[in-house]
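A.B. asks: Let the sequences and hints guide you as you build the complete structure.
2 protein chains.
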Amino acid sequence: MSLIVHKYGGTSMGSVERIRNVAKRVAKWQRAGHQMIVVPSAMSGETNRLLGLAKEITDRPNPRELDQIAATGEQVSVGLLALALQAEGLDAISFCGWQVPIKTDAAHTKARIESIDRTAVQAHLDAGRVVVITGFQGVSPEGAVATLGRGGSDTSAVAIAAAFDAAECLIYTDVDGVYTTDPRVVADARRLSRITFEEMLEMASLGSKVLQIRSVEFAGKYKVKTRVLSSLTDPLMDLNDEAQSGTLITYEEDPSMEQAVISGIAFNRDEAKITIAGVPDKPGVAYKILGPVAAANVDVDVIIQNASHDGTTDFSFTVHRNELAKALEVIQTKVQPEIHAREITSDNQIAKVSVVGIGMKSHVGVASQMFQTLADEGINIQMISTSEIKISVVIADKYMELAVRALHKAFGLES
Amino acid sequence: MSLIVHKYGGTSMGSVERIRNVAKRVAKWQRAGHQMIVVPSAMSGETNRLLGLAKEITDRPNPRELDQIAATGEQVSVGLLALALQAEGLDAISFCGWQVPIKTDAAHTKARIESIDRTAVQAHLDAGRVVVITGFQGVSPEGAVATLGRGGSDTSAVAIAAAFDAAECLIYTDVDGVYTTDPRVVADARRLSRITFEEMLEMASLGSKVLQIRSVEFAGKYKVKTRVLSSLTDPLMDLNDEAQSGTLITYEEDPSMEQAVISGIAFNRDEAKITIAGVPDKPGVAYKILGPVAAANVDVDVIIQNASHDGTTDFSFTVHRNELAKALEVIQTKVQPEIHAREITSDNQIAKVSVVGIGMKSHVGVASQMFQTLADEGINIQMISTSEIKISVVIADKYMELAVRALHKAFGLES
Chain A
1 MSLIVHKYGG
11 TSMGSVERIR
21 NVAKRVAKWQ
31 RAGHQMIVVP
41 SAMSGETNRL
51 LGLAKEITDR
61 PNPRELDQIA
71 ATGEQVSVGL
81 LALALQAEGL
91 DAISFCGWQV
101 PIKTDAAHTK
111 ARIESIDRTA
121 VQAHLDAGRV
131 VVITGFQGVS
141 PEGAVATLGR
151 GGSDTSAVAI
161 AAAFDAAECL
171 IYTDVDGVYT
181 TDPRVVADAR
191 RLSRITFEEM
201 LEMASLGSKV
211 LQIRSVEFAG
221 KYKVKTRVLS
231 SLTDPLMDLN
241 DEAQSGTLIT
251 YEEDPSMEQA
261 VISGIAFNRD
271 EAKITIAGVP
281 DKPGVAYKIL
291 GPVAAANVDV
301 DVIIQNASHD
311 GTTDFSFTVH
321 RNELAKALEV
331 IQTKVQPEIH
341 AREITSDNQI
351 AKVSVVGIGM
361 KSHVGVASQM
371 FQTLADEGIN
381 IQMISTSEIK
391 ISVVIADKYM
401 ELAVRALHKA
411 FGLES
Chain B
1 MSLIVHKYGG
11 TSMGSVERIR
21 NVAKRVAKWQ
31 RAGHQMIVVP
41 SAMSGETNRL
51 LGLAKEITDR
61 PNPRELDQIA
71 ATGEQVSVGL
81 LALALQAEGL
91 DAISFCGWQV
101 PIKTDAAHTK
111 ARIESIDRTA
121 VQAHLDAGRV
131 VVITGFQGVS
141 PEGAVATLGR
151 GGSDTSAVAI
161 AAAFDAAECL
171 IYTDVDGVYT
181 TDPRVVADAR
191 RLSRITFEEM
201 LEMASLGSKV
211 LQIRSVEFAG
221 KYKVKTRVLS
231 SLTDPLMDLN
241 DEAQSGTLIT
251 YEEDPSMEQA
261 VISGIAFNRD
271 EAKITIAGVP
281 DKPGVAYKIL
291 GPVAAANVDV
301 DVIIQNASHD
311 GTTDFSFTVH
321 RNELAKALEV
331 IQTKVQPEIH
341 AREITSDNQI
351 AKVSVVGIGM
361 KSHVGVASQM
371 FQTLADEGIN
381 IQMISTSEIK
391 ISVVIADKYM
401 ELAVRALHKA
411 FGLES
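So the sequences go chain by chain: A and B.
All residue numbers for the first sequence refer to my numbering, where the first residue is 1 and numbers rise by one.
All residue numbers for the second sequence refer to my numbering, where the first residue is 1 and numbers rise by one.
Incorrect hints may have been included.
Pairs of lysine to any residue, SDA-like flavour, derived with a Cα cap of 20 Å [what the hints assert, rightly or not]:
| no. | chain 1 | residue 1 | chain 2 | residue 2 |
| --- | --- | --- | --- | --- |
| 1 | B | Lys55 | A | Gly89 |
| 2 | A | Lys288 | A | Ile344 |
| 3 | A | Lys24 | B | Lys55 |
| 4 | A | Lys55 | B | Glu56 |
| 5 | B | Lys24 | A | Thr58 |
| 6 | B | Lys223 | B | Glu168 |
| 7 | B | Lys103 | B | Pro141 |
| 8 | A | Lys398 | A | Ala187 |
| 9 | A | Lys103 | A | Gln122 |
| 10 | A | Lys334 | A | Pro280 |
| 11 | B | Lys55 | A | Ile344 |
| 12 | B | Lys225 | B | Ser193 |
| 13 | A | Lys103 | A | Gly149 |
| 14 | A | Lys55 | B | Gly14 |
| 15 | A | Lys55 | B | Pro101 |
| 16 | A | Lys221 | A | Arg190 |
| 17 | A | Lys24 | B | Gly89 |
| 18 | A | Lys55 | B | Arg18 |
| 19 | B | Lys55 | A | Glu46 |
| 20 | A | Lys103 | B | Pro101 |
| 21 | A | Lys103 | B | Glu142 |
| 22 | B | Lys55 | A | Gly14 |
| 23 | A | Lys55 | B | Arg20 |
| 24 | A | Lys24 | A | Lys103 |
| 25 | B | Lys103 | A | Ala120 |
| 26 | A | Lys55 | B | Gly89 |
| 27 | A | Lys24 | B | Glu56 |
| 28 | A | Lys103 | B | Gly143 |
| 29 | B | Lys55 | A | Thr58 |
| 30 | B | Lys55 | A | Arg18 |
| 31 | A | Lys409 | A | Leu90 |
Examples of chain B residues toward chain A, derived with CB under 10 Å [stated by the list, open to error]:
| no. | residue |
| --- | --- |
| 32 | Glu65 |
| 33 | His320 |
| 34 | Asn322 |
| 35 | Ala325 |
Treat the hints as calculated values from the structure; they're not laboratory data.
None of these values were measured; they are calculated from a predicted model.
Beta carbons are placed, not taken as given, at the ideal position from N, Cα and C, and that holds for glycine.
C.D. replies: Structure, rendered in structure tokens:
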């Protein structure tokens, strides 16, 4: 008898009728002989409603109280789902984070899980009960309700699967898996039957937003077999037939599979670029530029510094488009008086396109193939950055779809 | 520096604007030098919405899960009120029942408070914080959320006031106190500036529904000075000037006051009467009749058994009108085959009218004055029942208003 964790998003929990459907699916899994833990999100819209109330009271709500309020959406969900499971004839019981307890740090609204106590929940599982546990929340060292931030229920589900040595963690969502790229851009994008968690991390952080990124880190760190699949999927499936459904996020490369060099193409047009040209090339200049930007709470993504000539260098970085104005102001008022650069320019008509693949580690030539493909399409590359399993380029955003389609084809990712 | 508990009902918490008004009032009390604990109800309509969701899932929801769901309304309220207090410049923190902890028994949906731990809350009070605690809920011996039932926030407030030795517990509501009778029936009904908790118990259970009855029992048992007053009342008041606002429920008779014989006239037209005539007058017959009724979960109020003649007696009792059909069915199918009574009749056109007053203890003649007043108005009395501080009569409901007005005048209760 294996333990399985199911996680359901807000859409799956969006109405009484849908909650009944979730209960029916869980019932089939339980009756097939699995021990079941279910982690539901708040009903769709509920978290926004609650945060909206708090925002009406004050623009800058205290994070502890915000968590006290926001966590109730998941509490309602576990109660309703337990009732629906009971109505299906199952023995079921709900737990809030503090009841398990799921202990977190004190970083309200973005808390991290520190430990999960198995004792109480295990006793109910052993007694044949389906245990329904709130996503998104835990209890802080001070005994306050702490939430994990947006999408935190994914992380809850994976962390619970890790704590209970679950055979698999199934994340039911509104897509049926992870694709080689966005099917809205490339019609013949292909569903990946498996992806390593490292690739998934690069895909997720680059814009193929399927799972909360911290849940993927958790899956990797604690070696949790995590599967993303559609909530419209058949109620029960053979977990050994991995091609059957969704995308399995694995913690190891599978030597039995012919490993593709590239798993997917990610892209992102939410960024803007700032270039500071003619910066005196002295030690500490990168810190002089980015220190004030970070102090203003502006997140920086790609950072490029070119080799210098004539004792000066060009320094470029990207920020979220919404933060371009703020970043530019910091550069002009706090940085430029210190560094006396020749010119400061910005561009918000950019896109970032990345090829991601664990196979890249052992294959040379991915970068050159990528650059050649873009050159063949007449697409100019403005910035390049690389990691072990990813190569990203910044290009003019009007070429983004063209670049994605060309790369998808060049790396043979079609169905 | 004295500790004051404020309790606010769902109407006072009904919108962001109203929550801000509550925060403004609490701020004035705090700045006047009081330590403050505030117990808010769920926003009006919220508990019904939550119970409605559960009811949609199943007609017979599991009580533990129902509590898990229903308790979230108060959790949202404490968070929002803490935010509003902070926006007023106060240091404030919210607590759920389990965080205090407020320990209850395991009787979900109608749990009783067993203990309240002062430690954590007291530390925050001592640090100058306003502490906002959920009404309506606590934590069961199994660590589950348990609710106290409808109106339970009144009980929470009084129990918290008792645990913290509060100088006074102020229950803000939509009436400005307890009246000699319902002002909608008797125009010159008078607000009582004080009432003993025993009188309040009789008034509350007889239909002058201002406070949850268990909160009054608590106030009496633990000698908590509890005041019912309007949420439209002036923000701050002199607690020593007790005539100033609301009605103070005291645990002692005040020898300094000229004690009225009668405090008020209560009434109730929610009941129906069943009479079983010609019951063999044998030991155990009352149990034979009421045992099956109680087993069917039908609450019985007034019970009358007359002296017997010819070896038989007449037995009458009242039940809630909504339960008359159920009670009659029990009597006809389960009781009558055992007792072979001569006749079973019922009447749902009745009303109960009661005079209540602690002064009745030492004054003879209240009953005769009551009966004479009704006789003068030509009102026939169908049933009579008495306690130490109350006399109730059942009459035809068409005479109810007439009876209440006549008694109010006869006992000199006008303003």
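A.B. asks: Decide, hint by hint, whether the structure agrees.
C.D. replies: Okay, the hints, checked on the actual structure:
With a C-alpha separation of about 17 Å, the suggested pair Lys55/B and Gly89/A falls inside the 20 Å cut-off, and the hint holds. Distance hint between Lys288/A and Ile344/A is fulfilled; the C-alpha atoms sit about 15 Å from each other, no more than 20 Å. With a C-alpha separation of about 18 Å, the suggested pair Lys24/A and Lys55/B falls inside the 20 Å cut-off, and the hint holds. Pair hint Lys55/A plus Glu56/B does not hold up; C-alpha atoms about 30 Å apart against a cutoff of 20 Å.
At most 20 Å may separate the alpha-carbon atoms for a hinted pair to count; Lys24/B and Thr58/A meet this at roughly 14 Å. Straight-line distance between C-alpha atoms of Lys223/B and Glu168/B comes to about 10 Å, which keeps the hinted pair within the 20 Å bound. In summary, the hint linking Lys103/B to Pro141/B is supported, as the alpha carbons are separated by about 7 Å, within the 20 Å threshold. For the hint linking Lys398/A to Ala187/A, the alpha-carbon distance of about 19 Å falls within 20 Å, and the restraint holds.
Only pairs whose Cα atoms come within 20 Å are accepted, and Lys103/A paired with Gln122/A is accepted, the gap being roughly 17 Å. Proposed proximity of Lys334/A and Pro280/A is supported: the alpha carbons are some 16 Å apart, at most 20 Å. Note on Lys55/B and Ile344/A: the hinted pairing is violated, with a Cα-Cα distance of about 63 Å set against a maximum of 20 Å. Between Lys225/B and Ser193/B, the direct Cα distance comes to roughly 13 Å. Compliance with the 20 Å bound is thereby established for this hinted pair.
This hinted pair checks out: Lys103/A and Gly149/A have alpha carbons roughly 15 Å apart, not beyond 20 Å. Between the alpha carbons of Lys55/A and Gly14/B the distance comes to roughly 16 Å, so the proposed pair stays at or under 20 Å and holds. At most 20 Å may separate the alpha-carbon atoms for a hinted pair to count; Lys55/A and Pro101/B exceed this at roughly 28 Å. For the given pair, Lys221/A sits about 27 Å from Arg190/A by alpha-carbon distance, which is inconsistent with the 20 Å threshold.
The straight-line distance between the Cα atoms of Lys24/A and Gly89/B is roughly 50 Å, outside the 20 Å bound, and the hint therefore fails. A hinted pair counts as satisfied when its Cα atoms are at most 20 Å apart, and Lys55/A with Arg18/B qualifies at roughly 15 Å. Between the alpha carbons of Lys55/B and Glu46/A the distance comes to roughly 19 Å, so the proposed pair stays at or under 20 Å and holds. Our distance criterion of 20 Å between C-alpha atoms is met by Lys103/A and Pro101/B, whose separation comes to about 18 Å.
Restraint check for Lys103/A and Glu142/B: the C-alpha separation of about 19 Å stays at or below 20 Å, so the hint holds. Restraint check: the Cα-Cα separation between Lys55/B and Gly14/A comes to about 16 Å, which is no more than 20 Å; the hinted pair holds. With a C-alpha separation of about 13 Å, the suggested pairing of Lys55/A with Arg20/B holds against the 20 Å cut-off. For the hint pairing Lys24/A with Lys103/A, the CA-to-CA distance comes to about 31 Å; that exceeds 20 Å, so the pair is violated.
Among the hinted pairs, Lys103/B with Ala120/A is consistent with the structure: their alpha-carbon atoms are about 19 Å apart, no more than 20 Å. As the CA atoms of Lys55/A and Gly89/B are separated by approximately 16 Å, the hinted pair is consistent with the 20 Å bound. The hinted pair formed by Lys24/A and Glu56/B meets the criterion: a straight-line CA distance of about 16 Å does not exceed 20 Å. Distance check on the hinted pair: Lys103/A and Gly143/B sit about 16 Å apart at the alpha-carbon level, within 20 Å; holds.
Between Lys55/B and Thr58/A, the direct Cα distance comes to roughly 34 Å. Violation of the 20 Å bound is thereby established for this hinted pair. At most 20 Å may separate the alpha-carbon atoms for a hinted pair to count; Lys55/B and Arg18/A meet this at roughly 15 Å. A threshold of 20 Å between alpha carbons decides the hint, and for Lys409/A with Leu90/A the separation of about 49 Å lies outside it, so the pair is violated. Taken as an interface hint, Glu65/B checks out: its beta carbon lies about 5 Å from the nearest beta carbon of chain A, inside 10 Å.
Nearest Cβ of chain A to the Cβ of His320/B: about 27 Å, over the 10 Å cut. The hint is violated. The beta carbon of Asn322/B comes no nearer than 25 Å to any beta carbon in chain A, farther than 10 Å, and the hint placing it at the interface is violated. A hinted interface residue such as Ala325/B counts as satisfied when its beta carbon comes closer than 10 Å to some beta carbon of chain A; here the least separation is about 28 Å, so the hint is violated.
In the structure shown, a violation is registered for the earlier hints numbered 4, 11, 15, 16, 17, 24, 29, 31, 33, 34, 35, in ascending order.
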